[in-house]
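Read top to bottom, the protein sequences are chains X and H.
The opening residue of the first sequence carries number 1 in my numbering; numbering runs sequentially from there.
The opening residue of the second sequence carries number 1 in my numbering; numbering runs sequentially from there.
Since the hints were derived computationally from the structure, they do not count as laboratory data.
We put the CB at the ideal spot given by N, CA and C, even for glycine.
Careful, some of the hints might be misleading.
Pulled a few chain H residues facing chain X out of the computed Cβ check, cut under 10 Å [said to hold, decoys possible]:
no.	residue
1	Gly-15
2	Asn-32
3	Glu-33
4	Arg-49
5	Phe-59
6	Ser-68
7	Pro-69
8	Val-72
9	Leu-75
One-sided and incomplete, this derived list gives chain H residues near chain X with beta-carbon spacing under 10 Å [claimed, not checked]:
no.	residue
10	Glu-34
11	Leu-35
12	Gly-37
13	Thr-63
14	Lys-74
15	Asp-78
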Amino acid sequence: MSDPSKLAAVERLEVGIPGFDLVASGGIPAGRSTLVAGTAGSGKTLFGVQYLVSGIERYGQGGVLVTFDEPAGEIVRNVLSLGWDLDAHCRAGQLAIVDVAAVAGEEVLEAGPFDFQGLLARLERAIRNVSAVRVVFDSLTGIFPQFTDRNLVRRELHRVTARLRELGVTAVMTAERTEEYGPVARYGVEEFVTDNVIILRHPLSRERRRRTLEILKFRGAAHQKGEYPFSIDGRSGVTVIPLAETGLKTRALTDRTSIGKPQVDEMCGGGIFRDSIALVSGATGTGKTMMATEFLSAGLRARQRGLFYSFEESRPQILRNAASWGVDFGDAESEGMLAIDSRYPERIALEDLLVEMRHRIADFRPVRLVVDSLSVLDRVSSGTSFREFVVGMTSVIKEFELVALFTNTTGVGGGTQAPGLTQVSTITDTIILLRYVERESSVHRCLTILKMRGSAHDKTIREYTIGDHGMELGGPLGGASGILAGTPAPDGLPAVE
Amino acid sequence: MTVTDQGELRLYVTGSTLLSTRAIENIEALINEELRGAYACEVVDVLERPDLAEEDGIFATPTLVRRSPGPVRKLIGDLSDRELVLSSLRLGPVELRAPGGGLERR
């Protein structure tokens, strides 16, 4: 029964799937049923099983799994690789499985009208036996082909969900969809089963599957709107990526740390902030990777662990370059102070990469993080995925209190940044621009701090050279404008900003 | 007829709902009138014995399970379709298959 006076305060049950509860504003409505609909392979069953396993492992809540599609044994085997031992939970009396999947070869004939009381009796027994708080039906749509009269199935399922509500359990019911952007589910199950609907999608985007989760509706309860990316990996199952920017506002900018070049630290007003993101933007050959190397090297000198993600250069190349600038990355790696992860970006789904990076960071606990370069990731992904990756990365950096340096490859010509990276500049705290400048018939390199959040900074443009000891900064360039555009013209005014 | 020749049926019902009562009446009438005692039928209430319902994989009620002679076969509903019930119970195991269905041999 829906009592309008109670709609305002729908209690939530924390699901425990990483990221999900943030998106769901606390969890799914407690004591109700929530439909999780998706096309084949969208992760519905995994979502359901993870809901139960989290309930048991994180909240000590018993669970019941009712399987219609796959025999229970198959599900048990499939999730074992994620470290979820359903059999063990069953033996411990925390999980009960009610297997109602059609048995191959077993004939069931209909000889008159019937109801689903048999299922209900088994379900209630299972709920009692494990004191279940959580119940999963996988899937509702799998019931329909087993019986001839769809109206009868609808009516009976309606009774089952009404009974579940009386019992006070919180149910997740999966349902199959035929299209990514079409009816909620087959057989119109959402209309009679539940007020709460979550959609899992995995449409093709730029020839790549991109998984998203959308909360379509929670009756009488707030939730975040829109599609949120999620990943499925062999370690933690479903991880929803909450693109919450809320975390970013609470950042405290106090402690400073070296970016790796004393002169640049000075220009930044005494170093960059811990728990912040610096973006080094410049054309190829301007020394971005070198700055990243020096950034990590400064961390190593202060006994800060570093993690280097390179999508541009191979490992041997990185080690060789670092050595030529007097930095021994090989030693640092064998000491466990540095980890280098180098790969070609072409095959990476950014949602998966983000989750993988988060795992890596959680395990390795670096203080400094380098991503070289962001622009390459932008190039190989869809705009949406990239934006989500950047925002997601930002919350990971915040969560683990990292100081991060991202590089961005721009064109050789003028302009202040590469197209498509505008979203990156808004979340970075420091932007360092490296640029080629043509002066007196030769090409020079110059550096400027475009932005330094929370602090005053030197706004001059400095010329620099790259020598045996890395970057050598010179004095401010004066007497010309148009330097950032790459075509300085002498004038009497100080350059830029 | 000896006890060993008698087939075993089990009828799962739910309390005394209309469907359950009808199913019990229908199977009793069929056994007495048509099948002449070829089967013994045990009635099980799923509300009292959900464990047996679990063992036999009962989903719908009423469900009539022919436990022997094999193979096990299930009929769901109030058994008002007398022809279907009779044909299912009369036939021997070899001819038991529904036309076009099933994965079993022969």
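The hints, checked one at a time:
1. Given the 10 Å rule on beta carbons, the hint for Gly-15 of chain H holds: about 8 Å separates it from the nearest Cβ of chain X.
2. The beta carbon of Asn-32 of chain H is not positioned within 10 Å of any beta carbon in chain X (closest approach about 18 Å), and the interface hint is therefore violated.
3. Annotation: Glu-33 of chain H was flagged as interfacial toward chain X, and the flag is violated, the nearest CB pair being 16 Å apart, outside 10 Å.
4. For Arg-49 of chain H, the suggested interface contact is upheld, since its CB lies about 8 Å from the closest CB of chain X, less than 10 Å.
5. For Phe-59 of chain H, the interface hint holds, since its Cβ comes within 10 Å of a Cβ in chain X; the closest pair sits about 5 Å apart.
6. With 10 Å as the threshold, the beta carbon of Ser-68 of chain H stays out of range of chain X, its nearest partner Cβ sitting at about 15 Å, so the hint is violated.
7. Given the 10 Å rule on beta carbons, the hint for Pro-69 of chain H is violated: about 15 Å separates it from the nearest Cβ of chain X.
8. Checking Val-72 of chain H against chain X: minimum C-beta separation of about 7 Å stays under 10 Å; hint holds.
9. A hinted interface residue such as Leu-75 of chain H counts as satisfied when its beta carbon comes closer than 10 Å to some beta carbon of chain X; here the least separation is about 5 Å, so the hint holds.
10. The beta carbon of Glu-34 of chain H is not positioned within 10 Å of any beta carbon in chain X (closest approach about 14 Å), and the interface hint is therefore violated.
11. A hinted interface residue such as Leu-35 of chain H counts as satisfied when its beta carbon comes closer than 10 Å to some beta carbon of chain X; here the least separation is about 15 Å, so the hint is violated.
12. With 10 Å as the threshold, the beta carbon of Gly-37 of chain H stays out of range of chain X, its nearest partner Cβ sitting at about 21 Å, so the hint is violated.
13. The beta carbon of Thr-63 of chain H comes within 6 Å of a beta carbon in chain X, closer than 10 Å, and the hint placing it at the interface holds.
14. Taking 10 Å as the C-beta contact cut-off toward chain X, the hint placing Lys-74 of chain H at the interface holds, the least distance being around 5 Å.
15. At a threshold of 10 Å, the smallest CB-CB gap from Asp-78 of chain H to chain X is about 4 Å, leaving the interface hint in force.
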